[in-house]
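> Top line first, the protein sequences correspond to chains A and B.
If you read the first sequence in our numbering, its first letter stands for residue 1, the second for the next number, and so on.
If you read the second sequence in our numbering, its first letter stands for residue 1, the second for the next number, and so on.
Just so you know, the hints here were simulated from the structure itself, not pulled from any lab data.
Quick caveat, the model's predicted, so the values are computed rather than measured.
All residues carry an ideal CB built from backbone N, CA and C; glycine is no exception.
Incorrect hints may appear among the rest.
Cβ-to-Cβ under 7 Å is the rule here; a few derived chain B residues that face chain A [claimed, not checked]:
no.	residue
1	190
2	249
3	334
Number of protein chains: 2
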Amino acid sequence: AARAEALGVEHPACATLPARGCRHALVDRNENARLFECEQGIKDRFDRIVPTLQEIAALGRGSDFPGRAQDWARERLGFELPTAVLERAWVRGPDMGALYAQAVFSALAGAVARFGDRIREELAAGQGWDALLVDCGFHAMNVSACADGRLKGLFPYVLRIPAANLVRRSAFAGTLFDVEEDVRHWEHAELRRYREGFPTTADVPTRYLKVAVYHGSSLDPKHQGCAAHGSNERAATEAALERLYEFRRAIENAFCCGAGTDILLIGVDTDTDAIRVHVPDGNGDVSAYRYIDNAALYRQTLTLDADRARLAVYEAIRAASATEGWGKGEGEPHDGMRRLIATLLINNMSQIEYVGEYHGGWYGDMGHGERFVSVGDGFPEVQVRNIAYYARLDTVEEGAADLDVGVKIFRHLNVERGLPIPVALHYHFNEQVPGSRARMEDKIRRIAEGIQGRYAHLAKEGLLYLHGSVQDMAPGSALEEVALT
Amino acid sequence: AARAEALGVEHPACATLPARGCRHALVDRNENARLFECEQGIKDRFDRIVPTLQEIAALGRGSDFPGRAQDWARERLGFELPTAVLERAWVRGPDMGALYAQAVFSALAGAVARFGDRIREELAAGQGWDALLVDCGFHAMNVSACADGRLKGLFPYVLRIPAANLVRRSAFAGTLFDVEEDVRHWEHAELRRYREGFPTTADVPTRYLKVAVYHGSSLDPKHQGCAAHGSNERAATEAALERLYEFRRAIENAFCCGAGTDILLIGVDTDTDAIRVHVPDGNGDVSAYRYIDNAALYRQTLTLDADRARLAVYEAIRAASATEGWGKGEGEPHDGMRRLIATLLINNMSQIEYVGEYHGGWYGDMGHGERFVSVGDGFPEVQVRNIAYYARLDTVEEGAADLDVGVKIFRHLNVERGLPIPVALHYHFNEQVPGSRARMEDKIRRIAEGIQGRYAHLAKEGLLYLHGSVQDMAPGSALEEVALT
Ligand SMILES: [Zn+2]
Ligand SMILES: [Zn+2]
Ligand SMILES: [Zn+2]
Ligand SMILES: [Zn+2]
């Protein structure tokens with residue numbers, strides 16, 4: 001918020017910020033309180049590491065160092081540091097880089113264990129979200145966002161979408177998602193409809209929804225936007241939109257008529273978490289110039305009671321559909337799409353108010369502030385803004401561009417301070433598929449080798465630490481470490 | 001055949017070989033003649049390269065060298081050599097490695113152009129094969145073999161399976177195919193049944209057939225078997241069988257009841273091309289110890305007329321199903337499986353006789369004799385024994401083991417003679433999928449970079465040459481070169 005004040009900028013959703021927050025009738029304040037506890041609980045684990053290690057560094061190299069350091073760690077961090085590293089400390093002083101990396105991985109494991117329960121709760125909520133999707137005429141929702149750590153809280157925070165069965169999430173630098181992979185997922189979802197009648201039977205004309213999420217920064221658009229597009233918001237928008245159209249055409253061409261896919265484009269302002277929803281027209285087409293700015297909508301509906309505010313949201317969708325000029329489209333989207341958009345806008349109003357209440361309207365960490373690099377299919381338990389830079393990849397070769405961006409961010413965040421880059425490799429396996437676990441372990445070792453090779457200079461200087469783990473697909477399963485050689 | 005004579009070995013299918021071949025009533029000799037023309041036509045293109053370049057090397061370095069060399073090349077090879085390389089020759093003599101690699105790629109392009117027509121003919125035959133599969137109760141046949149070049153003629157020669165719509169082919173070192181990828185193909189095939197009723201509608205209880213092909217050498221089993229399994233035929237058999245079971249369980253677990261998959265295991269003797277078919281039992285289970293040796297079956301049925309020989313083939317399947325001891329199973333496979341096995345055995349009898357007639361019963365190139373390394377999804381036009389070591393991969397990272405085996409083979413075949421390793425990268429694109437061509441070109445450049453990085457020492461010494469090309473999926477499309485940097 002400091003920068004906003006320095007710039008004399010008025011908050012787009014609530015003019016009294018940062019002094020005093022606003023209260024919107026559609027906001028779920030209990031959920032906000034719960035989410036803040038969670039954000040604090042997770043971030044604290046990481047943020048206590050550096051001060052604690054600084055204190056440990058000051059303990060000297062006496063023979064009581066290992067014991068005293070371990071006591072400190074237990075007391076301040078809630079976990080132990082690697083004994084072997086502590087016991088070696090008398091020779092050349094403690095290896096703070098190794099201790100730091102190990103502490104980050106322990107904090108991560110602790111957070112996963114602590115919030116595994118939450119995932120089970122979320123799954124119950126997810127059933128409600130699945131039902132909503134089907135009610136809105138969708139049998140699957142596939143969301144691809146940018147890998148940027150500031151979008152790491154996209155689902156539980158920004159959009160308030162729980163871990164639902166019908167929702168698939170992925171992240172790529174610059175939202176440049178993999179069209180071929182999505183075609184396969186489309187097939188997978190479609191086949192389930194035919195074979196299992198899940199979630200709708202194939203004769204019901206429900207649709208597959210592909211969503212792309214780009215981002216920008218309202219406070220510092222030229223520097224704090226999407227790095228993959230040189231902080232050019234227009235470029236980020238157009239790139240995401242182009243992929244959406246490529247995906248739709250790929251399905252239409254491969255499966256012709258009646259292949260029923262909808263596309264939706266969403267932008268996030270990573271300073272306020274307010275979203276922008278690009279309203280599709282009656283043909284399902286999306287325009288960079290036809291959208292609803294949810295910060296403005298929140299502000300406009302602040303004085304209304306819940307019922308009227310809800311009506312105003314639908315009215316905003318109607319008004320957006322009537323956009324003239326560059327953003328002009330052909331009529332309104334179908335009922336279910338309107339209802340889904342309204343739900344997303346209303347959910348996001350809670351998040352706008354969350355950032356108002358707990359972060360003064362604008363995040364203090366306007367830029368990157370990731371705690372580690374997450375490689376693999378992600379930790380569903382730890383989805384909080386700026387907790388991790390997330391690269392969703394199957395090979396270093398294909399994911400090299402995503403990894404390079406992450407390493408570049410951490411050169412600035414960590415290496416410049418003398419700290420190593422902690423990289424957590426993590427994949428889920430399916431206990432029901434024979435050999436799946438062993439294959440995932442092999443995959444993690446292969447990827448670890450690839451990363452060590454690609455950033456050999458960092459690894460050699462002790463500025464890169466890797467940690468591997470697998471987890472069964474069943475929600476709430478324990479994290480199991482994979483030994484890397 | 002020389003080695004067989006030296007060893008005093010009798011040919012397992014025809015005792016009078018190599019002096020005189022046998023004539024079996026079920027063999028298609030016209031097709032054999034046509035196939036031999038094709039084998040010669042393709043191999044000749046490659047085998048003229050070294051002698052021609054040796055003559056060119058002897059031309060001296062006079063000012064007329066580029067012209068004379070080019071004339072020779074045109075006359076003897078049917079294509080031109082790169083002018084720039086010839087014109088540089090006066091400085092340090094001609095760069096024979098570069099000329100050799102270019103000539104290999106030109107020979108390959110020539111063979112693809114020449115036999116593109118054959119693919120179109122084959123497609124007509126393929127419709128017949130598709131119909132046979134459906135008649136046998138299969139809606140897809142997915143065959144994975146070893147990447148070994150001696151199996152490169154598996155489809156058109158050893159098994160006589162044309163390029164059919166319902167047949168999918170892949171190759172991996174040691175037949176260690178990718179279970180996850182096959183699950184996706186299973187889904188793809190299944191979805192087509194539901195959405196398009198192709199080739200059968202979903203209510204028809206046809207089955208998906210997964211075939212694994214391993215190989216061994218009857219003349220020198222300890223040295224000329226499958227390199228990926230240390231020439232241990234038992235290990236090669238068990239590994240292929242285990243993957244088959246993993247695939248079947250993966251489908252059953254993911255899609256439960258009625259997921260209808262059949263598995264089939266086939267072994268090839270790369271000296272004689274005679275196959276061994278492991279007959280599934282009534283439950284669809286396969287045993288390493290229950291099989292039909294087609295060389296023996298050919299020999300036993302040599303005196304019979306076509307009708308009786310055909311009956312004898314079915315009798316052999318029945319007898320195999322009655323195997324006692326380790327290979328004991330539970331009854332006979334279903335009718336369609338029996339018919340498919342009989343067809344494969346009869347087809348392979350033609351190949352046994354082909355090797356007898358045109359190669360004296362045993363191939364002269366008993367070991368490796370590949371002309372180039374083929375990386376990508378393969379050249380359907382050029383499927384001839386020992387023409388290429390074939391690595392089917394999407395990333396160097398995942399395919400590293402397959403590539404290493406190929407490079408090891410070519411160190412022996414080429415590098416030891418001072419010749420470079422020619423690697424042809426080739427993928428098909430789908431003109432109907434937007435951006436597919438550009439993505440394939442990017443992929444080829446990425447893989448080329450990966451290969452150059454992995455074998456940097458070879459590349460630096462001019463012992464590794466890469467060539468990239470793409471081709472539209474439509475059969476008979478032209479090969480289009482992709483410039484590599
Ligand atoms: Zn699937
Ligand atoms: Zn971004
Ligand atoms: Zn597919
Ligand atoms: Zn092999």
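> Evaluate each hint against the coordinates.
Cross-check of the supplied hints:
1. Hint status for residue 190 of chain B: holds, given a least beta-carbon distance of 6 Å to chain A, under 7 Å.
2. Interface restraint check: residue 249 of chain B against chain A, minimum CB-CB distance 5 Å, threshold 7 Å, status holds.
3. Interface hint at residue 334 of chain B: violated, since its Cβ lies 22 Å from the closest Cβ of chain A, which is beyond the 7 Å cut-off.
Of the numbered hints listed earlier, the single one contradicted by the structure is hint 3.
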